[in-house]
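Trainee: The lines below spell out each chain.
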Amino acid sequence: MSFGSISQVGRRRKCPCYVTRISLIFAVFTLFNAISVHARVKLVALPERVRVVLSLRNPGATLVEEERLITLQKGVNKVDFSWRGVNIDSTSIQARMLSHPENVTILNTSYPPNENALIWEISSNEAQEERVRISYLLSALTREVTYKAVAEPNETALTLRNYLRLRNDSGEDLSNAEIGIGYGSTFTKTIEHGETLEMLSERVEGLGIKKLLTWDAATLPWDPEYEKKTVGIPLSYVIKNDKASKLGSHTLLPGKVRIFIKTKEQPENAGAAPGEGVAFTGEDWAQLTPVDREMKLYIGQSRDVKVTQRKTKDDRTNIRRNTANAVVLNDTDEVYKIEIENFKKQPIDLVVVEHIPGYWKMAESSHPFERKDAFTVEYKLNLPAESSGTKKTTVTLNVNRLNVQGNEPASY
Amino acid sequence: MKLQVQSTQMTRRARSIATILALFLITHCAEARINVVTLPGRDSVQLTIYNSVDLTLVRETRVLTFRKGLNRLEFSWANTLIDPTSVELRAVTHPDELDVLDVSFPARVSNTLEWRIKSDFAGEVQIEIRYFTSGIRWSADYLAEAARNEKLMNLAGNVRVTNNSGEDYENAQLRLVVGVIRLVEEIAELARRDRSGEAKKALAWSEVDGDLRQKAQRGLNERFDDFERRAGRKNQIVKEGLSEYFLYTVEGRDTIPDGWSKRLPSFQTADVPITSVYKFEREQWGEQVMRYYRFTNSVPDKLGREPLPDGAVKAFRFVTDDQLYGFVGSTAVKYIPVNEQVDLDLGPDLEVQVAPKLMNWQKTDIAFDNWGNIKGWTIKESWQIEVQNSKEIDALVDVRRNFSGDWSIDTQAKYETVDAAKIKFLVPLKPGQKQTLSYTLTTRQGSNATR
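Sequences listed follow chains A and B, in order.
Using my numbering, read the first sequence as starting at 67 and increasing by one per residue.
Using my numbering, read the second sequence as starting at -16 and increasing by one per residue.
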């Protein structure tokens, strides 16, 4: 209530170490000082934050909740909340009374012109200390989720580390903030304006993965003999977000995944046991993956598997012509032969994707297939180790397309 | 002491709107145009603010001392956004003894009018001046706080009044109109017409009035006085129906200085039942699933006392036992009549997936004309729609499919026909549940079509 408190605040503002740009100025007016003051508010106290919570649950917004202790007089009190150089969504600011919600109420909120400020008028039934929780959306406090995975040499399992990387360009220093992304650990950290902080959210050991090569007839060349370079077949790791894979407790957020594989390092001294190291095997952007769905990471190509596809029969059957002798409708009889060689010393799973437009029936197939949709079939093959040359895997399929006019859909 | 101070402040203030009463005896010949006798302050102000158009009806009362005979009353409004064609005067007391003879807008004097009033009464008369102004607006906004399971929410409504009219309105009664009215000419344009270029100045008021801090201080002091009177009571907002409109009257008085805005709580309702609804319709939102909170503005659902005006909504969900927020989304609601069911649009949601797959496509029943050309055929499509809820809470998923032509559907799944070309499946899912809907769609083409 004295001028001392005003000048105290004044001194603090000049201090270079005073960096808080969001301020809560607590003002109590009585009849006399209302008349005498010349600044907009009479400063009584500048209540410090007693708790800061940073919620990153919403992927598109950063919510700050801060709690401050303010001393209220009986009757009407004014609390001025202002910010400078900080991007706060002013329409998002809410204040909740935590100590006496029944007896302490916000009467109204005033917004002065051309200022980043608002004034709450708070009624209190008696003189008391109140813990107020102020919530607002703060921009320029960005987060990134990144994953680092180290695969076992046999590529059946990996150790996944999930990091939260926070960059604070908000203009505000956040001290001892409880930072949470909605899963994993909650961190209590101080993050200054301009600082980037990376925190380990969770670590999963022995996460089962499936390594998969995918050869898609629509995107890869059918005959590698005519290619100048060895055809690489896309290699993916598939992670299922479920309990069986030691996951399944929360949605996996999108972010960059870097995958390493464990290696044996050559010992420095001859005769010593080999050390353990890692090699980088590739990276991909992980898509948002809710529980019970699969995350497929395309991390590179395999050039040790060779796929050659040829159409060995392409006949029109059951031809119907109009009176002008033009073909108006026919069926087809098509045979495809897919030869697959695995030069690796290990067996590997390969998925062959075939696309058949329109109305069709599979007359014959050498291997079981899965109909993925009306125009796509997949062969899931396990290629034996070193199955090349005479040991190669050959898939043949005989398809009849029916009632073909030439305008059949290939997608939907 | 308080009064004294107020009166000091009053004289210090550069008022934009001034009423000057000039009294003349009819027999006198006026040398100067006016003779200032008194500068009466406003006794009361009422603002009726519309939200569909930029229009506010201002009703103010002042007490003037009249003499018998001809009285001239000058009313001026520099740097405001008042429509001069709307200014009206009437006597509240002694109406039979006062007669407004005419009103003149003097040449070469802008933003001023002069009433010539014949009075058969000498003494104090309360007069009412009414006019339209632009530059004051109000809007509604809402705070939705959903429970952790998203089955109940607290809904709080606020109204926010913003004054950019160029005039300070002290201790005004606020009335807010919810409804759409027609204006054939804009008030701001009418205000501008009288004094080219000045309206702009009024809007950019900070350029005109350099002493912003002083003005703000004044506003705060006045509001403080207001609190003294109200003794810390929250102003209730009284709501009543009026023709096709709804009128919100804020109890008590408020002061909104020019440039300021003020937000007042309108209502607060706890435990409004909500349903988490997810919608999928490829023709509307592509492959995205949209998320909504569904509630009804009805008495059984703890609302329904009045229509809810359109406004912005901030939605949060309690995520911890000590009620920390998770931010759900920002959205806007349309005007909600009483008993209407509303879906609060919370944007796309990635944790509920709807994946329609065409599993089989057949062309059959080919028909030929006399020349051997194809004149008709039938397409049979087998669809599977996988609906998956990866959330920790229940979800009601509304899946809509659009068809065209002579179509028919065959399915074991329960569906509703929305219109001649649209059906919907309503799929309630528990947390983590997945369900597949299957149907066969037959579309008859060319001469095979029968409708």
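By construction, these hints were calculated from the structure, which means they are not laboratory data.
Hints may be right or wrong, so weigh each one.
[As the list claims (entries may be wrong)] Result set (DSS-like, lysine-lysine): computed pairs, CA atoms no more than 30 Å apart in a straight line: (1) A:362 / B:413; (2) B:417 / A:309; (3) A:438 / B:317; (4) B:407 / A:377; (5) A:214 / A:446; (6) A:427 / A:294; (7) B:397 / B:413; (8) A:377 / B:363; (9) A:362 / A:312; (10) A:328 / A:427; (11) A:277 / A:457; (12) B:363 / B:317; (13) A:403 / A:362; (14) A:214 / A:309; (15) B:363 / A:312; (16) B:317 / B:407; (17) B:413 / A:457; (18) A:294 / A:309; (19) B:358 / A:309; (20) B:397 / A:276; (21) A:276 / B:417; (22) B:397 / A:362; (23) A:427 / B:358; (24) A:457 / A:446; (25) A:295 / A:322; (26) A:306 / B:413.
Since we're looking at a predicted model, the values are computed, not measured.
Trainee: Are the Cα positions of residue 427 of chain A and residue 294 of chain A separated by 30 Å at most?
Mentor: 36 Å, violated
Trainee: Taking 30 Å as the top limit, are the C-alpha atoms of residue 306 of chain A and residue 413 of chain B close enough?
Mentor: This hinted pair holds, its Cα atoms lying about 20 Å apart.
Trainee: Would you mind confirming whether the straight-line C-alpha gap from residue 358 of chain B to residue 309 of chain A stays at or under 30 Å?
Mentor: Violated: residue 358 of chain B and residue 309 of chain A sit about 56 Å apart, past 30 Å.
Trainee: Starting from residue 438 of chain A, check that the Cα of residue 317 of chain B is at most 30 Å away, please.
Mentor: Violated, at about 42 Å.
Trainee: Against the 30 Å threshold, does the CA-CA distance of residue 317 of chain B and residue 407 of chain B hold or violate the hint?
Mentor: With Cα atoms ~24 Å apart, residue 317 of chain B and residue 407 of chain B stay inside 30 Å; holds.
Trainee: Under the criterion that the straight-line Cα-Cα distance not exceed 30 Å, is the pair residue 214 of chain A, residue 446 of chain A satisfied?
Mentor: Measuring from Cα to Cα gives roughly 29 Å; hence the hint holds.
Trainee: Checking one constraint from the list: CA of residue 295 of chain A to CA of residue 322 of chain A, max 30 Å. Satisfied?
Mentor: 29 Å, holds
Trainee: Holds or violated: residue 214 of chain A with residue 309 of chain A, Cα cutoff 30 Å?
Mentor: 20 Å, holds
Trainee: Check whether the Cα positions of residue 397 of chain B and residue 362 of chain A lie no farther apart than 30 Å.
Mentor: Given that 30 Å is the threshold and the Cα spacing comes to 34 Å, the pair is violated.
Trainee: Do the alpha carbons of residue 276 of chain A and residue 417 of chain B lie within 30 Å of each other, as the hint requires?
Mentor: At roughly 23 Å apart (the allowed maximum being 30 Å), residue 417 of chain B and residue 276 of chain A satisfy the hint.
Trainee: Are residue 377 of chain A and residue 363 of chain B close enough, with their CA atoms no more than 30 Å apart?
Mentor: Roughly 28 Å between the alpha carbons, so the hint for residue 377 of chain A and residue 363 of chain B holds.
Trainee: Assess, step by step, whether the Cα of residue 362 of chain A is no farther than 30 Å from the Cα of residue 312 of chain A, and give holds or violated.
Mentor: Distance ~17 Å between residue 362 of chain A and residue 312 of chain A Cα, so the pair holds.
Figure legend: structure checked against the earlier numbered hints; hints not met, in rising order: 3, 4, 6, 10, 12, 15, 17, 18, 19, 20, 22.
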